[in-house]
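Residue numbers (the numbering used here), protein chains in the order written: chain A, 1 to 1151; chain B, 1 to 599.
Here are some chain A residues pointing at chain B (derived, C-beta under 10 Å):
| id | residue |
| --- | --- |
| 1 | 520 |
| 2 | 527 |
| 3 | 675 |
| 4 | 747 |
| 5 | 798 |
| 6 | 958 |
Read the hints as simulated data drawn from the structure, not as lab findings.
All C-beta atoms in this analysis are idealised placements derived from N, C-alpha and C, irrespective of residue type, glycine included.
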Amino acid sequence: MRNTLLFSIALGLTFSAEANTAKVANANNLNAATSYLNSRLVQNSVQGTVSDASGPIPGVTVSVVGVPGSTITDVNGKFTINAPLGSTIRFSSIGYLSQDVKVTSNSINVTLQEEDNSLEEVVVVGYGTQKKEHLTGAVSSINVKEVMGSRPIPDAGRGMQGTIPGLSITIPSGEVGSDPIMKIRGQVASIAGSSNPLILVDNVEVPSINLINPSDIESISVLKDAASSSIYGAKAAFGVILITTKKGANTDSQSISYTNNLSLQSPFKPIEIAGIDGLEYTLEAHENQEQPGPAGGFWRVNRESFEKIKEWQQKYGGIVGNYDPVLYGRDWYYDGVDKFGLRLYDPAEVMIKNNAFSHLHNLGINGKSGKTSYNLSAGYLGQQGMMKPAQQDDFTRYNGTINLSTKVSDALTVRGGAMYSNGTKRYPNSATGFTADPWLYLYRWSRLFPIAAQEHGTDVRDPYFDTQNAHTGHKIDRYLNLNLGTTVNILDGWDFNADYAFSTQNNSNNTSMPSFTGAWHWYAPVAWNENGSQVYVDENGMPTDNGGVPAYRFPVETYITKEQSNIYKQSLFSKRHTFNAFTTYNKTFNQDHDVKVMLGTNVVAYNWDSHWARRTNLINEQNPQFNFATGVETNGADANWDSQVGFFGRANYAYKGKYLVEGNLRYDGTSKFPSHLRYRWYPSVSAGWVMSNESFMENISDVLSFAKIRGSWGNIGDQSVSNSLYVPTMDIVKNSWLNGSGQQFFQLGTPGSVSNSITWQDIEHSNIGADLRFFNKLGVVFEYFQRKTNNMIIPGESLPATFGANAPQGNFGALRTRGWEVNLDFNHRFDNGLRITANANLADAISVITKGADWNTPWDNRLLSTTYSTGRTYGDIFGYVTDRLYQAGDFAYDANGNHIVTTIIHEGNARQTNMLAGDNPIYQTQFQTGTANWGYISPGDVKFVDVNGDGYITNGKNTNGDPGDRMKIGNSTPRYEYGFRLGADYKGFDMSVFMQGVGKREIWGAGQLAIPGFHVKDGAMPQAIAEDFWKKDRTDAFYPRAWNLNGEASGQTMVPQSRYLLDMSYFKIKNITVGYALQPNVLNRVHLKNARIYVSLENFFLFDNLRGLPIDPETISGNGGNLTSGNYNLGRTGTGNPSFKSASLGIQIGL
Amino acid sequence: MKIKYSIALLTATLMFSSCEKFLDRPQLTSANDDNAWTTEENVRLYANKYYTDFFEGYGSGFTLGSSYLLSFSDDVVRQGNQGEFTLAVPNSAIWSYTNIRSINIMLDRIENRMSSVLSEEAYNHWTGIGKFFRAMRYADLVTTYGDVPYLDKPISDSDYDALFKDRTPRNEVMDAVYEDLTFAFENVRLNDGAQTVNRYVVAGFITRLALTEGSWQKYYYKDNERAKKFFELAKTAGDYLIASNKYDIVTDYRSQFTSEDLKGNKDMIMYRQYDEAINVKHAVLSTHNLADNVTYGASADLLKAFILNDGKVWQNSELENAKNFATTELFKTRDSRLEASFHSKPTPRNRGSLLYLTKFLPRDVEARVAAGGAAGTAFTGANNTTDAPVLRYAEVLLNWIEAKAELATLGGAAVTQGDIDQSINKIRNRPLAPEAIAKGVVKTAPMSLGTLPVDPERDVTVSALIWEIRRERRMEMTFEYSRIEDLKRWSKLNYMDTDANPDLLAGAWVDFPTQLPDEIKDGLSVVKLNGQVEVFNALTPGSKEKMIGFYRNTNTRGRQTFLGLGNVNPYLSPVGRNQINEYASRGYVLSQTEGWPQN
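So here's chain A without its partners, still in its complex pose (with noise of 0.2 Å):
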């Protein structure tokens, strides 16, 4: 009700305003002006067409020099304007240098320069533009059609990775249809709250970058510090990324085009499981650490069948298939305790497709027709994923847009636009009931689990199995956005601009899970019985009654009974209505003074609920359907609410084009604290300096073209936050105690200790930057900035366990995050029309937490175990140092050759160990997994370096004062990111390559793929690590002896250290792209505007300093794309959706 009456008055105020304002000439109104002149002049129509290199250009301003009113080119680059012989026509057009030519016949054909000078490129910012060459702020943009426009890429997240500095864009997974991650200028600005940048589409929040169709893109700008993005208010604090989307023509036109893509996408990393080599390390780690009975877990394997399973592969080898069945005797055997595989199955090839096709088309109307212009798009885009057994794995998005715009007078314009977009991810529901997938049990289980192999022709319930017998799950996001706005001209130079929008997101989640029976080898297997006798097999698994040996079976289970079987429907419905107005006031006093003045509201109301519902027992599993369900009932439902109103004015002055001031000032309120705290005033200013417009600089202008240094303050405030941070709110939720009847209990939780006094975190950027430009060609910005989160909130100085729980949140922190960027452009056009671009951009920022929960705490006391302790650079690891591996000779033996044992006691502490040879040697008995003899540091084991040299390994207090021997080993800040990207077009030949990485990151891994031993029992680990672990007969290994850490990502002395860390640097040549564009003397004949087709090459090279282990460098731990939050496959490092590259053929088509 609200908004409809703030927008009623806004309408209001525009009628008056046209009332006022009808008979004020515009000297935007070029149809009107011209059609003036028209009547006054000389007739002499002079007619022409204006091209360039490649082909008739559109909408050239034509203008006669000294007279007013212009004209302006149509579709096919002519024109018709009425000029007197002898005067001067001026042509000209962004992006082109303009060119004067004298009248001297009726028809003039002028072919123009483009214009190198990208300053003259005007810039969305916040509620305008700015011509670049005026910007204060730190602003950067893109260029749209360059870089994404011939690429397999779904959304435009991944477009913009590596392409502007400071923008840093991480895609942690090769999941479909998930968003990319993308932070603005440092990866961590707030820990309660977001860090995220907000994504405006035409001053529209959106959710997610996915749901925008890169095809309707015009223009990306990324505002990156306060000067820029405060106007935009209480979510603006970590950055803006501001899409404009396409609009109607300025000149009577009609265009269609088409393009499309067609791709290919496969596995970009080899993902090698090992075989043999990980079961002899799962071998080697249960001797090593005297384990009794078999090795393994569920499959076992000891000497014996260890010996058995290289026969087998000399035997079976590349004659039995993938999906041929198991057999008992052949593939495995059961000793009546323990069973033992034969079989090496291939988990990779079965699970992983080779070749997922994907594909997306874009159909767009746009021009003007009188006064009305618009712009019509539908985009396709269907990309499958990489699951091999599911039915569906896949991610299909449509997307509609319409932009209306029309002048309803001189002074009025009012624009509508509606956008809609419909994203599907269909996906197998897995059966496991874990939260976790079946790509973790992909890389979890050794390769004697058998997978994809029927036995007695029952499917295996194994991951192959579950995802090909699950139902499919349907992920449904659509998004509807629907605008209205009206800009009015109130005096020369004085408009005002209204909208208001209405997005609402409609998202779904429909699964259902149908009764699973398979053959379950997880637990003993039963004896084999026909007709109610034992069967014999022989020793290929064939049923003899001859000898053999007495036959098993893997038990035939209803691990999902009926009565588990379910359908469960989940829905969000969200509102959001968002009205911004903004009144701009621009004049130009004495011709030196520019000065540009705007007032303005933002006012935005989000409100959300949810339910979802499940019923068990379905009766009818082909159709599952609600009515087809007969069992227990469940559902809930959640809903919340929140509101933000921001007052903002600007005002900009410019004298003589050389001294550039701005200043913002914003009043911003939010629903999301307790009232007496919700208002905030934000200030920043912004200042630049051209100096190559100053005189003294123009004897160097030949070769400083341009040079501009500019500053910029200002202070943004944050209210990313859960809006219960000050209510102490107690949850209703089930739990597992039952009443006696089947009813679960509800409970009302604990009150949460929270503070009653969080208010905004103020974020105050400070950037300075300079843009020069050398021989009108090459272009260099840098950019040096700091970030402070102050009054950031965290919680409390940590209190004793007494307390009973966490210490309340506040206003405590702060954080500061500095660094730079630097982005260079260069751009040229040789005399026989080759054109060479080349544009390259680095960046780095470091966060340091200058105020954490322990700031109370001495320094010397603080905790290393503190991930924001005062001090702390954000991302720190800390550990050991690795020297080399312990080798036999670094310990003392016995006349029998066997280990002396000696006692340590250090601090108090006496445990037994090896003794080391030599004077003095450094022990680190703290490694030892307990107190047998077979934990004690042997060969093979890591040497680590004694930093502190007291003569003992330790984590010593594990504070900073004493870090013992750890020091700061790497950081998981991604650093030093680049980009670069070189361009050339020749005739109608265009050639591009882009090259991305990351500079320096490291993580210590979690899991299976990147800590060698982490879990030998589940016994899957890379094939990198099985061939290069430390055995008495490979010394020069590099990884350590085998040791199983039990599901530990640390332990023996498999703990965080230099050499184990893992290098998460990166290079990536992300897109090699060649086309070719017909030419205009083609075109004209086959009726088109324009046509090229292009072959593109997407994520086709990568370098890495993994040593080959299966994990993409992107990866975050833990990140699991769109299906699931948090801890994504146990958190394990690069368990997930493999990573792929595509490769992939377009065209591009006008009409």
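Since chain A is already given, all that's left is putting chain B on it; use the hints.
Okay, now just chain B, sitting in the frame of chain A:
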């Protein structure tokens, strides 16, 4: 123009004035501390969350909890290394007060905000419920750490003196626990609906908690006065339950642990329900279903402790096969609970002792697996739905008789034959399962005060009667939560010393040549009844035939020395160095647990 300005002004005024309301958007779907304490229903909901914490039963999912399958006691032998006591102060370890805070908030809000909302009866009931749970938590903390900081009010995060207060003496804490328990005992409702705490449940747990504290006081702290106070409380609560006639011993032993539905079962003072349809399941059988491997089993020490069904110990029973420990004979001569707890044939699937624990496995499943069939999904993984006893009447009877016997040593009335008949003999007279009867199992003869067994193994510091009461408890509650706690409260951790008691490292009696010939391989040894160890040696003729005796793997290693060490107290847990340092850095003192180094 004027109109325009006035409209603009009006707009601005309107917006400012209504903004406050526009920004007023509290949580829509959660209650909070300021508005939740308005109905009795809400207090009930608040208390509901303690059930799964305090009455774990078989736990849920793969989390078993601490009530069952405790594998660290003298009942247990493990494959390879034995479980160890804590021998060094850890870097980081501390108690959890999460429930204490939660309960203190409940009691505070009832007292300060609900006196007009609740009737006096309801007020007292819910205060009693809060105090009951608080007492349970403090009793648990005290058993683990000895002295602990006592807090009976919610404390503010800025009240450092309260937050960083040092330990309160155990006796002070336990006096408060005593007060809480007696208040609950007097005020909690007799019936508050199915599966909820009522006065009988309170009384049942009092027998457990008070007996525990009484024993600690008598044997560890040697304070007979305090011991008496708590033994009296245990006895009173036991008297109350017995007199109520609501409970009885009517279910055969194993069925108490394997039933799909314990509703209405008179042996249960409280149980935990599981149900497949709503996916509340447990995993007590994931490795105890006879099909899967398990690495620990019954020690020879436990097997020797079982009484024979003539009521005598194996050394001097007159039964024909009294000294025969071969499982087939053993089950016929021993107390019926042995047969009900273990599989009758030795199997290598139990890698610790070869005697497979089937106490929690329904008999039909046991028979199916033994015949080569599969256990079935419902008896593997975390798919089990058998209901779990939370507090059995049998335990209450044993708590009560033990408290009585201890009181008798402290000047109380002597235990009478009637007391024994009412407790131990009542339990011994419980029905036998038909499957057990078919195997020849019979009920154990009643215990008679006049003819208590003469046990040559009896600990001379323990009277014959108390020795037998403790034996009865061990047989009744094997592989449940209590054995290690019992040893601690009796100050008998020396029973866990594997050097002094090699029976802790041996398992079932097996006739290997006949029963498990495949297991005769390197690493096998057996222990004869006289304690002589026979190691298998393939090179020695006749060695194979000698492999008859208690199973002992040569890889089974003894426990590290834990008694008589300076600065190590196996009875009470130390807190971490980090926590002590944290107190010190704020200018407060946190004392280390008694018996551990104070620095």
